[in-house]
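**Q** Sequence:
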Amino acid sequence: MSGKGCCYDNAVMESFYHTLKTELMRGKAFISREQAMNALFDYIEVFYNRRRKHSTLGYQTPVDYEMAA
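Just so you know, we're using full-length UniProt numbering here: the sequence shown kicks off at 1 and counts up by one.
Treat the hints with caution; some may be incorrect.
What the hints assert, rightly or not - Using C-beta positions, here's what the derived DEER-type ranges look like: (1) T56 - M25: 18 to 26 Å; (2) G27 - A68: 31 to 39 Å; (3) G58 - F30: 33 to 41 Å; (4) M67 - E34: 33 to 41 Å; (5) A68 - E34: 31 to 39 Å; (6) Q35 - G58: 33 to 41 Å; (7) Y59 - E34: 29 to 37 Å.
FYI, nobody ran anything at the bench for these hints, they're computed from the structure.
Cβ coordinates follow ideal geometry from the N, Cα and C atoms, glycine included.
All chains, please: the whole structure from these sequences, using the hints.
**A** Put into structure tokens, the structure is as follows:
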């Protein structure tokens, strides 16, 4: 591992954080920490993991990919 702040050490998480910031957080202000946590949970568990098309799955949703397998 290289020094602090090197994005290549953890490229998968850096990619996820970039997607999270651009798709969920940009332009939003949350009133409370609870509201932010609920929005984050909904994004990851409801949208990102189930309905969002992923390039590694041939631009299919995980549900569609699993049904085709």
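**Q** Take the hints in turn and mark each one as holding or not.
**A** Verification of the hints:
1. T56 - M25: 18 to 26 Å: With Cβ atoms ~23 Å apart, the hint holds.
2. G27 - A68: 31 to 39 Å: At 35 Å between Cβs, range holds.
3. G58 - F30: 33 to 41 Å: Hint holds: Cβ distance 34 Å, inside 33 to 41 Å.
4. M67 - E34: 33 to 41 Å: 35 Å, holds
5. A68 - E34: 31 to 39 Å: At 38 Å between Cβs, range holds.
6. Q35 - G58: 33 to 41 Å: 35 Å, holds
7. Y59 - E34: 29 to 37 Å: 34 Å, holds
Checked against the numbered hints above, the structure violates none of them.
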